[in-house]
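Colleague: These protein sequence lines are chains E and W, in that order. Yeah, the first sequence ends on 273 if you go by this note's numbering, and it's all consecutive. Yeah, the second sequence ends on 273 if you go by this note's numbering, and it's all consecutive.
Bear in mind the hints are in silico, worked out from the structure with no lab data behind them. No false leads were mixed into what you were given.
The list cannot tell twin chains apart, which means a pair is met if one copy fits it or any two copies do.
Below, a list of computed lysine-lysine pairs in the BS3-like style, where the Cα atoms sit at most 30 Å apart:
no. : residue 1 : residue 2
1   : Lys95     : Lys84
2   : Lys84     : Lys103
3   : Lys95     : Lys200
Listed below, chain by chain, are the residues.
Number of protein chains: 2
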Amino acid sequence: MNALRALGLEGRRALILHHDDLGLTHAQNQAYLTLGWPTGSVILPAAWASGVRGEDLGVHLVLTSEWEAPRYRPLTPGKSLRDEAGFFPKSPEEVWKKARAEEVEAELRAQIEAAFRLFSPTHLDSHQGSLLRPDLAEIYLRLAEAYGLMPLLPAREDLEALGFPRDFLEGLAPLLERAPFPTLRLLDPYALPPKERLGFYLGLSHLPPGLYQLIHHSALPTPEGRALPDWETREADYFALSHPEVRRVLAEFYPVTWKDLREAWRKG
Amino acid sequence: MNALRALGLEGRRALILHHDDLGLTHAQNQAYLTLGWPTGSVILPAAWASGVRGEDLGVHLVLTSEWEAPRYRPLTPGKSLRDEAGFFPKSPEEVWKKARAEEVEAELRAQIEAAFRLFSPTHLDSHQGSLLRPDLAEIYLRLAEAYGLMPLLPAREDLEALGFPRDFLEGLAPLLERAPFPTLRLLDPYALPPKERLGFYLGLSHLPPGLYQLIHHSALPTPEGRALPDWETREADYFALSHPEVRRVLAEFYPVTWKDLREAWRKG
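Kindly generate the complete structure, drawing on both the sequences and the hints.
Modeller: Okay, structure coming up:
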């Protein structure tokens with residue numbers, strides 16, 4: 006599926022401005038409200054999930070809970086999904102090592118169904134790439150079809166750049182080829198030092214035509230937000246995206262939501 | 006069991022200074038750290054439970070999740086413990102109406118065991134009085150004995166003053182009489198208007214001898230803390246308990262922990 010064509014935007018530059026990790030903290034949710042863009046995805050097992058309301062929200066499927074606090078637990082009882090204290094494990098590597106596919110499927114279904122009870126989700130994505138293990142990616146794609154939700158699928162070059170295990174890429178290639186969903190170019194400044202953040206956003210002005218998803222982790226500068234060890238990158242996103250020059254650059258792009266994409270996909 | 010006698014404090018005024026709702030928010034946890042007293046109890050299904058460390062922590066057993074956000078879910082799958090969105094119900098009345106005793110017992114065990122994986126709990130108490138339904142109170146007392154934890158038991162006059170259903174009191178009386186645990190006088194300014202808070206704390210100076218538990222809900226004045234609709238009463242506790250005159254009054258009491266009480270109880 007050529008998404009730009011389906012959207013009637015061939016040859017244009019189109020952008021989904023995507024707020025990651027909603028529901029994780031109050032600071033993250035408040036940044037979503039303050040910035041005012043519709044698109045983001047919600048961690049359903051996290052404490053503030055019930056406080057997110059918006060027009061274009063997805064399910065940020067999680068199998069990890071990487072911080073000391075806040076931490077969250079699986080919604081389902083699968084033993085292969087939790088550490089000794091009952092929380093999701095802290096890293097995707099632990100997930101890849103021990104998660105049983107049938108327990109993952111039950112958990113992802115529970116998260117998706119929990120989302121439907123709180124809002125009308127438009128799309129799916131995967132926290133920390135936990136679902137890149139090919140047998141889990143197959144579940145991800147199957148559930149997207151089953152629930153009528155668009156899955157975030159990075160373009161092959163972006164997937165390669167993420168640095169995941171080589172054999173995963175080989176297993177994922179045929180899945181991605183068969184998948185009846187568009188792939189997107191990912192833009193994600195998370196790993197850049199905060200002082201390079203403004204330059205990153207201003208540099209988006211030079212991008213060629215294409216459908217992009219810009220992933221940001223904006224959070225308000227509050228004591229709770231700063232309890233996360235990576236607060237600096239979250240605040241750097243928030244301040245950069247509040248900057249008038251960055252907003253001018255973002256306005257060069259045709260704004261697209263996952264809702265738009267889903268509509269185009271259903272028609273086409 | 007006469008607790009004051011067991012503690013060697015007969016005729017004295019002794020005080021457990023108890024911080025409620027730890028784990029609920031970052032603001033609540035930070036107030037605990039800032040105030041510096043050892044005793045409090047933790048909501049295990051809440052997001053910040055994993056971030057509480059302290060010397061005299063208990064399990065704040067919950068069957069309700071009363072705020073729009075943050076909200077939390079049962080740790081166990083019992084259907085009678087959750088609302089349609091999968092969260093604990095919002096009020097004790099809903100719990101009393103529909104919670105099945107065997108599902109409550111499984112959930113309370115899961116919360117206690119989750120606590121043991123994070124810290125060494127010394128005691129149990131019950132959030133919003135959900136466990137006052139007599140068949141649930143029986144479970145509460147039985148689990149306290151089974152796990153070697155002290156249960157908070159209000160003196161009969163305090164129980165009556167809490168305004169719970171009359172038939173509960175009748176069912177509870179024989180349980181309390183049989184229970185091999187001390188009862189305490191409760192002091193809880195939660196429902197007082199914030200402007201009366203300082204007066205309440207200063208007035209403690211006039212109390213007669215006895216073993217008291219002062220229940221406070223201190224939280225730091227932050228945006229996250231203020232997301233709770235009852236933030237004013239939480240901040241009022243925090244500011245009053247930081248006040249030098251209140252600290253002088255509290256110093257009139259012999260400080261007791263649940264750990265002390267448990268030791269006295271074990272000795273007999």
